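Engineer: Sequence:
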Amino acid sequence: MKFKTLGKTGEKLSAIGLGCMGMSFAYGPADEQESIRTLHKALDLGVNFWDTADMYANGENEKLISKVLVPNRDKIFIATKFGFRFKDGKASHSGAPGTYFDGSPEWIRQAVDLSLQRLKIDTIDLYYAHRVDPNVPVEETVGAMAELVKAGKVKYIGLSEASAESIRKANEIHPISALQSEYSILTKDVEKEILPTIRELGISLVPYSPLARGLFANIEDAQNLGDDDFRKSLPRYQKEYLENNTKLASEINEFAASKGVKGTQLALAWVLNQGDDIIPIPGTKRIKYLEENIAAVKIDLSQSDLDTIDAILKKYPNVGERYTEGSMKLVNN
Numbered sequence: 001m002k003f004k005t006l007g008k009t010g011e012k013l014s015a016i017g018l019g020c021m022g023m024s025f026a027y028g029p030a031d032e033q034e035s036i037r038t039l040h041k042a043l044d045l046g047v048n049f050w051d052t053a054d055m056y057a058n059g060e061n062e063k064l065i066s067k068v069l070v071p072n073r074d075k076i077f078i079a080t081k082f083g084f085r086f087k088d089g090k091a092s093h094s095g096a097p098g099t100y101f102d103g104s105p106e107w108i109r110q111a112v113d114l115s116l117q118r119l120k121i122d123t124i125d126l127y128y129a130h131r132v133d134p135n136v137p138v139e140e141t142v143g144a145m146a147e148l149v150k151a152g153k154v155k156y157i158g159l160s161e162a163s164a165e166s167i168r169k170a171n172e173i174h175p176i177s178a179l180q181s182e183y184s185i186l187t188k189d190v191e192k193e194i195l196p197t198i199r200e201l202g203i204s205l206v207p208y209s210p211l212a213r214g215l216f217a218n219i220e221d222a223q224n225l226g227d228d229d230f231r232k233s234l235p236r237y238q239k240e241y242l243e244n245n246t247k248l249a250s251e252i253n254e255f256a257a258s259k260g261v262k263g264t265q266l267a268l269a270w271v272l273n274q275g276d277d278i279i280p281i282p283g284t285k286r287i288k289y290l291e292e293n294i295a296a297v298k299i300d301l302s303q304s305d306l307d308t309i310d311a312i313l314k315k316y317p318n319v320g321e322r323y324t325e326g327s328m329k330l331v332n333n
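Mapping the sequence shown onto our numbering, position 253 (from 1) lands on 253, and the numbers just tick up by one.
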């Protein structure tokens with residue numbers, strides 16, 4: 001495993017982390033035993049950077065991870081997030097009618113203790129605000145997070161899906177070590193303002209959904225996703241966008257095959273190629289895909305390869321929005 005440094009912290013994290021959301025939430029039926037085996041395998045393969053959030057199955061994902069985290073605490077750099085809450089107590093995705101965001105200092109102080117209890121640890125390595133609350137100044141949110149650092153409950157602070165302006169304001173209150181945002185060959189929004197800003201400030205980018213939510217892995221089955229798979233609600237898996245993306249994925253997969261790799265590995269290698277300050281966290285709940293993802297670290301892309309990928313993307317520009325309209329209102333604030 002290759003390692004990268006997180007921001008200005010000096011912490012050495014595996015070049016590819018592990019997104020744990022799908023083990024409990026959003027991507028079809030959960031299989032706890034397979035997930036636990038996958039977590040152990042991640043450790044065996046040197047993946048020491050694990051990512052979760054309190055909203056994933058309303059805390060159940062944190063509880064699941066604790067079963068492997070606690071006996072291996074010194075081997076794992078654990079990140080979790082706070083902010084999304086459920087009006088009826090039933091877990092759902094960020095754009096659902098019953099989901100709302102709370103970045104208030106009052107909730108932060110409660111949320112961190114709840115996460116620590118579920119994870120069964122004393123200190124969270126990296127604690128993110130899952131979004132920037134449009135109703136709470138980011139300075140107030142980060143000020144409360146800074147108090148958690150002083151109290152020893154959190155080591156480092158991160159933001160997720162924040163605008164360049166919010167990142168600057170937050171970093172003036174307390175050093176921000178990581179920005180988690182969606183980034184993939186289909187989602188490059190951060191390249192305009194956000195990536196230059198965090199590089200100026202010495203903040204690492206932690207891309208989630210670096211595989212475009214599995215688009216290149218299961219595009220043939222996209223029309224048969226189960227009702228418990230939230231991707232059914234995403235524009236990229238619907239109508240003319242799905243037709244466009246089916247063709248795009250097919251060409252990406254063909255190009256990947258010509259290089260002797262899978263389309264998912266090519267897509268992940270593209271993200272890794274964007275800089276040493278970028279640490280993607282592809283999610284999986286199966287050992288097979290974990291191993292495939294990690295193998296992407298060894299893929300070298302030439303300028304010719306990158307040009308070919310760009311040419312394919314330009315042929316199929318109608319990819320659709322990455323989120324529903326409701327969810328998009330909470331990004332880049």
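Hints are not guaranteed to be accurate.
Said to hold, decoys possible - Here are the simulated EDC-like cross-link-like pairs (lysine to aspartate or glutamate), alpha carbons at most 20 angstroms apart as the crow flies:
#  : residue 1 : residue 2
1  : 41        : 31
2  : 75        : 44
3  : 262       : 200
4  : 155       : 122
5  : 155       : 74
6  : 2         : 277
7  : 63        : 106
8  : 150       : 11
9  : 153       : 74
10 : 192       : 182
11 : 4         : 31
12 : 155       : 139
13 : 87        : 122
Stated by the list, open to error - So the derived label-pair ranges between C-beta atoms look like this:
#  : residue 1 : residue 2 : range
14 : 97        : 5         : 39 to 47 angstroms
15 : 150       : 243       : 33 to 41 angstroms
16 : 254       : 8         : 37 to 45 angstroms
17 : 97        : 321       : 17 to 25 angstroms
18 : 258       : 88        : 47 to 55 angstroms
These are calculated hints, taken from the structure and not from any lab test. What you are looking at is a predicted structure, and each value in this text was computed from that prediction instead of being measured. In this text, a Cβ means the ideal position worked out from N, Cα and C, and glycines have one as well.
Engineer: It remains to establish, for every hint, whether it holds in the given structure.
Structural biologist: Hints and how they fare:
1. 41 with 31: Between residue 41 and residue 31 the Cα gap is close to 15 angstroms, so the pair holds against 20 angstroms.
2. 75 with 44: 10 angstroms, holds
3. 262 with 200: 34 angstroms, violated
4. 155 with 122: 11 angstroms, holds
5. 155 with 74: 14 angstroms, holds
6. 2 with 277: 13 angstroms, holds
7. 63 with 106: Distance of about 23 angstroms is beyond 20 angstroms: violated.
8. 150 with 11: 19 angstroms, holds
9. 153 with 74: With a Cα-Cα distance of about 16 angstroms, the restraint between residue 153 and residue 74 holds, given a limit of 20 angstroms.
10. 192 with 182: 14 angstroms, holds
11. 4 with 31: 31 angstroms, violated
12. 155 with 139: This hinted pair holds, its Cα atoms lying about 18 angstroms apart.
13. 87 with 122: 28 angstroms, violated
14. 97 with 5: 39 to 47 angstroms: Since the Cβ atoms of residue 97 and residue 5 sit about 41 angstroms apart, the hinted range of 39 to 47 angstroms holds.
15. 150 with 243: 33 to 41 angstroms: 53 angstroms, violated
16. 254 with 8: 37 to 45 angstroms: Because 41 angstroms falls inside the window, the suggested range holds.
17. 97 with 321: 17 to 25 angstroms: Holds, at about 19 angstroms.
18. 258 with 88: 47 to 55 angstroms: 50 angstroms, holds
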